[in-house]
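Peer 1: So you can see what is in the structure, the chains are spelled out below.
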Amino acid sequence: MHIPDGYLSPQTYIPLAGVFVAVAAVAVKKVKKEVSAKSIPYLGMASAFSFLIMMFNLPIPGGTTGHAVGSAVIAIILGPWATVIAVSVALIIQALIFGDGGITAIGANCVNMAIFMPFAAYFTFKLINLKSQKPLRIFIASFISGYLSLVLASILTAIEFGIQPIIATSADGKALYCPYNLSIAIPAMAIEHLILFGIAEGLITALIVRYFFKHEPTMIYALNKGGKNE
Amino acid sequence: MENNLPVFLLNKNVQNNSFQKTRKSKLPFLEKTLKKIAVTIKLMYLQSEVTSGKKILHIHPQVKVFSFIYLIVVISLANNIKSQLSAFFFIVVFYLISKISYKYVYKKIIFLSFVFGLLIFLPASLNVITPGKIVFRIFTFNSPFHFLIYNVPQIIGITDSGIHVVELLFLRVLNSISLAMLFLYSSSFPQLIKGFKVFFIPDTFLMIISLAYKFIFILSKSIEETYFALKSRLAGNVHNKNAQNIISGRVFYIFKKAQSNYENTYAAMISKGYYGKVIFQNETKIKVADIYFLLIALITGITITLI
Chain V
1 MHIPDGYLSP QTYIPLAGVF VAVAAVAVKK VKKEVSAKSI PYLGMASAFS FLIMMFNLPI
61 PGGTTGHAVG SAVIAIILGP WATVIAVSVA LIIQALIFGD GGITAIGANC VNMAIFMPFA
121 AYFTFKLINL KSQKPLRIFI ASFISGYLSL VLASILTAIE FGIQPIIATS ADGKALYCPY
181 NLSIAIPAMA IEHLILFGIA EGLITALIVR YFFKHEPTMI YALNKGGKNE
Chain E
1 MENNLPVFLL NKNVQNNSFQ KTRKSKLPFL EKTLKKIAVT IKLMYLQSEV TSGKKILHIH
61 PQVKVFSFIY LIVVISLANN IKSQLSAFFF IVVFYLISKI SYKYVYKKII FLSFVFGLLI
121 FLPASLNVIT PGKIVFRIFT FNSPFHFLIY NVPQIIGITD SGIHVVELLF LRVLNSISLA
181 MLFLYSSSFP QLIKGFKVFF IPDTFLMIIS LAYKFIFILS KSIEETYFAL KSRLAGNVHN
241 KNAQNIISGR VFYIFKKAQS NYENTYAAMI SKGYYGKVIF QNETKIKVAD IYFLLIALIT
301 GITITLI
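Those sequence lines, one after another, are chains V and E.
Per the numbering used here, the very first residue in the first sequence carries number 1; after that it's consecutive.
Per the numbering used here, the very first residue in the second sequence carries number 1; after that it's consecutive.
Just so you know, the hints here were simulated from the structure itself, not pulled from any lab data.
This one's a predicted model, so the numbers in the text were calculated from it and none came from an experiment.
One or more hints might be untrue.
Claimed, not checked - Listed next, the in silico EDC-like pairs over lysine to aspartate or glutamate satisfying Cα-Cα at most 20 Å (straight line):
| # | chain 1 | residue 1 | chain 2 | residue 2 |
| --- | --- | --- | --- | --- |
| 1 | V | Lys-126 | V | Glu-216 |
| 2 | V | Lys-30 | E | Asp-203 |
| 3 | V | Lys-32 | E | Asp-203 |
| 4 | E | Lys-82 | V | Asp-172 |
| 5 | E | Lys-133 | V | Asp-172 |
| 6 | E | Lys-82 | E | Asp-160 |
| 7 | V | Lys-174 | E | Asp-160 |
| 8 | E | Lys-197 | E | Asp-290 |
| 9 | E | Lys-257 | V | Glu-216 |
| 10 | E | Lys-99 | E | Asp-290 |
| 11 | E | Lys-107 | V | Asp-100 |
To be verified - Covered stretches of chain V, as calculated for chain E (at least 3 residues, CB under 8 Å):
| # | stretch |
| --- | --- |
| 12 | 44-55 |
| 13 | 95-107 |
| 14 | 179-189 |
| 15 | 208-217 |
Where is the CB? At the ideal position from N, CA and C, for every residue including glycine.
Please put together the full structure from these sequences, using the hints given.
Peer 2: As structure tokens, then:
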């Protein structure tokens with residue numbers, strides 16, 4: 001899911017960086033409203049939490065382990081706006097320390113995983129769970145929100161790749177950036193996420209939300225009527 | 001007196017009684033997590049250690065961030081192989097000037113460039129992706145055919161245009177990764193964050209990144225400690241269902257711990273006079289050496305573009 005440098009043309013990464021900056025600014029304002037002066041350390045905490053949650057390996061059926069992107073579970077627990085900041089910061093730190101994801105692609109990666117994915121997950125969860133407090137329903141809603149949000153985010157990423165041969169080619173028609181068009185990029189990304197990574201993401205989201213619900217349901221933003229973080 | 005021990009330490013683990021002779025880890029998934037965290041901490045530490053004493057480290061953070069981002073953008077805009085080769089040459093020179101030992105980074109550069117720059121783009125050399133004159137035949141069908149949404153030609157082979165596309169993309173990814181590594185390993189994280197002020201990123205956002213960076217250190221330590229506490233009382237293997245519960249519990253614990261950290265940090269900030277407004281201190285002034293560095297970066301960028 002992390003797009004490296006060199007894959008996207010400036011026509012793609014510059015507007016996406018703009019979208020990210022605009023949404024991040026709104027997110028900071030929104031969270032400031034909810035947690036007032038505590039917003040800075042709160043968001044620092046949320047970012048560290050999302051950074052670390054991406055590192056936790058969990059056993060998944062088939063005898064292997066997997067780790068989540070984490071945006072869905074964080075969106076359900078902390079709310080989508082806090083997740084925008086938390087996951088963006090986690091992605092920025094990943095890019096700056098590990099080189100995971102390109103520097104020019106930070107905006108694109110944040111749009112996919114820190115903006116689109118948490119909102120998709122949050123609204124899917126709300127739509128399926130409604131106001132239910134039944135553990136099974138919460139588990140299913142969490143699973144579907146994790147699964148669906150990752151699959152949709154992977155398709156969005158594929159679209160960003162897939163439009164490169166259309167918008168950025170040389171005079172003789174050669175690809176200058178990612179050479180795979182939409183008919184290749186979308187199936188390649190969607191299939192692996194539909195049958196493998198999406199299930200892992202859904203399962204990890206559901207298991208963690210179930211644990212939170214069992215031990216401290218008031219902590220779950222998506223279940224909280226007012227949606228306050230405090 | 002209330003017992004504050006975590007639940008997993010209070011629960012009797014039935015597997016303690018069945019000492020299984022196995023060399024395998026009892027908690028392979030936690031081992032993996034811990035390994036990842038250890039690598040993170042090592043990298044964070046290494047980054048700050050490796051940078052000390054390097055010439056590029058002393059460049060003004062804003063000048064450095066601007067120069068590197070400018071060069072990365074130039075590399076992303078350079079659309080011919082000659083430009084990319086010249087960029088590679090300049091990057092090697094920068095490595096030599098910075099005195100960063102290539103041994104710290106070359107494995108990562110080679111691995112990432114091979115996977116993201118070559119392996120992924122290799123199919124683009126085929127005529128089904130990049131049409132052109134076939135220079136190497138791979139497979140010949142009886143006739144061209146239609147498969148799902150794809151038109152498959154009779155001859156599958158590597159084209160001259162395909163080779164050109166792969167070369168260009170490989171060089172661009174290699175250069176971007178090499179430059180990013182040079183940038184990362186020649187800057188301490190706090191310095192790097194200060195440098196982002198040049199792009200008018202609000203202080204609030206930079207402060208959140210800095211705090212998150214520090215929290216990661218603190219929380220990583222907690223993860224390690226809870227892991228050892230858990231490991232010390234397990235003798236057998238852990239079933240998947242229990243394992244999932246353990247990990248979910250650890251995530252929950254990390255969240256609680258993070259929450260308490262943030263409350264304490266907030267209290268500390270208040271005691272130091274924080275009133276809701278963040279001002280990121282950056283007292284270093286731009287020196288002559290910084291201007292030279294900026295000029296070198298600008299000339300390099302222009303040269304790459306013009307070649």
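Peer 1: Does each hint hold? Answer for all of them.
Peer 2: Consistency of the hints with the structure:
no., hint, result
1, V/Lys-126 with V/Glu-216, "holds (19 Å)"
2, V/Lys-30 with E/Asp-203, "holds (17 Å)"
3, V/Lys-32 with E/Asp-203, "holds (14 Å)"
4, E/Lys-82 with V/Asp-172, "holds (17 Å)"
5, E/Lys-133 with V/Asp-172, "holds (13 Å)"
6, E/Lys-82 with E/Asp-160, "holds (17 Å)"
7, V/Lys-174 with E/Asp-160, "holds (11 Å)"
8, E/Lys-197 with E/Asp-290, "holds (16 Å)"
9, E/Lys-257 with V/Glu-216, "holds (14 Å)"
10, E/Lys-99 with E/Asp-290, "holds (17 Å)"
11, E/Lys-107 with V/Asp-100, "holds (15 Å)"
12, 44-55, "holds (count 10)"
13, 95-107, "holds (count 7)"
14, 179-189, "holds (count 4)"
15, 208-217, "holds (count 6)"
Hint violations for this structure: none, all hints satisfied.
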